[in-house]
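Peer 1: Could you build all of it, start to finish, from the sequences and the hints given here?
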Amino acid sequence: MGKVISLLNHKGGVGKTTSAINIGAGLVELGKRVLLIDLDPQANLTLALGVPRPPVTIYEAMRGESGLQPVTAKENLDVVASTLDLSGAEMELINEAGREFILQELFDPFLEEYDFIIIDCPPSLGLLTLNALTSSDFVMIPLQTEFLAMQGLAKIKQVIQKVKFRLNKKLQIGGVIATMYDSRKVLNRDVVETITKYFGNLVFETKIRDTVALAEAPAQRKDIFAYSPSSSGAKDYLDLSKELLQRMEQFDQMMTEKRQ
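Quick note: the sequence shown, position 240, residue 883 per this note's numbering, numbers continuous.
No wet-lab data here; the hints were simulated from the structure.
Note that beta-carbon positions come from the ideal geometry of N, C-alpha and C, so glycine has one too.
Keep in mind that a hint or two might mislead.
Taking lysine-lysine and the BS3-like style, the derived pairs with C-alpha atoms no more than 25 Å apart in a straight line are [claimed, not checked]: (1) Lys717 - Lys865; (2) Lys800 - Lys812; (3) Lys717 - Lys812; (4) Lys800 - Lys813; (5) Lys654 - Lys807; (6) Lys828 - Lys646; (7) Lys654 - Lys800; (8) Lys798 - Lys654; (9) Lys878 - Lys865.
Pairwise CB distance ranges, derived in the manner of DEER restraints [said to hold, decoys possible]: (10) Arg827 - Ile737: 46 to 54 Å; (11) Glu886 - Gly731: 33 to 41 Å; (12) Asp833 - Asp895: 30 to 38 Å; (13) Gly769 - Lys812: 17 to 25 Å; (14) Ser709 - Asp833: 44 to 52 Å; (15) Glu836 - Gln801: 16 to 24 Å; (16) Met897 - Pro697: 36 to 44 Å; (17) Glu900 - Ala856: 25 to 33 Å; (18) Glu735 - Lys878: 29 to 37 Å; (19) Pro697 - Thr899: 35 to 43 Å; (20) Val855 - Gln903: 44 to 52 Å; (21) Arg827 - Gly741: 47 to 55 Å; (22) Gly741 - Asp825: 39 to 47 Å.
Peer 2: What follows is the structure, encoded as structure tokens:
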């Protein structure tokens with residue numbers, strides 16, 4: 644059964660969408676089948692992969708007009724597109740019974756079809772993000788290695804804990820990703836040290852270096868592996884994807900031992 648992973652940070656510009664795309668593409672490079680869900684009304688993931696707006700987006704699916712209808716970005720990498728219309732979904736769904744579980748129900752037919760479903764959450768902690776957390780097995784937090792990016796980490800952790808307690812007992816923090824990292828900058832190193840003290844071994848060993856190729860790839864409507872496979876960005880995201888798979892295997896092993 645496929646694992647569902649949300650990428651969450653309510654601060655914009657921290658590399659969340661870039662990470663969602665390239666972790667997904669990295670897992671494809673490692674032989675996995677991946678579905679990307681663009682849950683952000685800004686539709687940056689959809690635009691970055693050059694996905695034309697299909698008749699059914701995540702907006703229509705969440706309104707109950709259709710099931711999810713993925714489109715293929717490349718072999719073994721499918722996308723459920725977003726649209727600006729999604730910005731009105733929170734108000735439109737506010738009176739729906741079980742509104743926190745809409746996305747979870749939409750995923751049910753796809754859990755056997757994909758190894759991973761990766762959700763690019765909006766930069767907010769509203770109903771859309773709540774749906775993502777309720778349907779996820781793991782949350783990954785991309786964090787720009789700058790001082791201001793650390794503000795609000797406690798709030799994110801608090802929201803995740805509340806969702807775990809009230810709505811989704813299986814939800815775990817899968818890891819914290821240091822993005823836009825430059826080892827030459829003292830501030831970047833200090834931020835990584837600080838978040839490691841706060842999150843411990845949840846911080847991934849792999850850091851995503853600040854590289855121009857990662858900024859250029861969306862302009863060409865490609866993931867980093869299709870755009871510049873020899874770049875440091877491609878190496879970093881492939882290493883991160885390997886580290887993620889290793890964590891998933893360790894978690895599965897731990898859960899198997901608990902059940903015995």
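Peer 1: Evaluate each hint against the coordinates.
Peer 2: Hint by hint, here is what the structure shows:
For the hint pairing Lys717 with Lys865, the CA-to-CA distance comes to about 10 Å; that is within 25 Å, so the pair holds. Distance restraint check for Lys800 and Lys812: the Cα-Cα separation of roughly 15 Å lies within the 25 Å cut-off, and the hinted pair is therefore satisfied. Restraint check for Lys717 and Lys812: the C-alpha separation of about 34 Å exceeds 25 Å, so the hint is violated. This hinted pair checks out: Lys800 and Lys813 have alpha carbons roughly 15 Å apart, not beyond 25 Å.
Of the pairs offered as hints, the one joining Lys654 and Lys807 holds, with about 21 Å between alpha carbons and a cut-off of 25 Å not exceeded. Restraint check for Lys828 and Lys646: not satisfied, since their Cα atoms lie roughly 36 Å apart, outside the 25 Å limit. Of the supplied pair hints, the one linking Lys654 and Lys800 holds, its CA atoms being roughly 14 Å apart against a limit of 25 Å. Using a Cα cut-off of 25 Å, the hinted pair Lys798 and Lys654 holds, with the two alpha carbons roughly 11 Å apart.
Distance hint between Lys878 and Lys865 is fulfilled; the C-alpha atoms sit about 16 Å from each other, no more than 25 Å. Taking the beta carbon of each, Arg827 and Ile737 are about 48 Å apart, inside 46 to 54 Å as hinted. Taken as a hint, the range 33 to 41 Å holds for the pair Glu886 and Gly731, whose Cβ atoms sit roughly 38 Å apart. In this structure the supplied range 30 to 38 Å holds for Asp833 paired with Asp895, their Cβ-Cβ distance being about 35 Å.
For the hinted restraint 17 to 25 Å between Gly769 and Lys812, the CB-CB distance of approximately 22 Å keeps it satisfied. Taking 44 to 52 Å as the suggested C-beta distance range, the pair Ser709 and Asp833 conforms, at roughly 48 Å. A hinted range of 16 to 24 Å for the beta carbons of Glu836 and Gln801 is consistent with their spacing of about 23 Å. Against the hinted window of 36 to 44 Å, the Cβ-Cβ separation of Met897 and Pro697 comes to about 39 Å, which satisfies the hint.
Distance hint check: the CB atoms of Glu900 and Ala856 are about 41 Å apart, inconsistent with the given range 25 to 33 Å. Separation of Glu735 from Lys878 is about 43 Å and departs from the stated range, judged on CB atoms against 29 to 37 Å. In this structure the supplied range 35 to 43 Å holds for Pro697 paired with Thr899, their Cβ-Cβ distance being about 39 Å. In this structure the hint that Val855 and Gln903 lie 44 to 52 Å apart at CB holds, the actual value being about 49 Å.
For Arg827 and Gly741, the hinted distance range of 47 to 55 Å is satisfied, since their beta carbons lie about 50 Å from each other. With their beta carbons about 45 Å apart, Gly741 and Asp825 fall inside the hinted range of 39 to 47 Å.
Violated hints for the displayed structure, listed by number in ascending order: 3, 6, 17 and 18.
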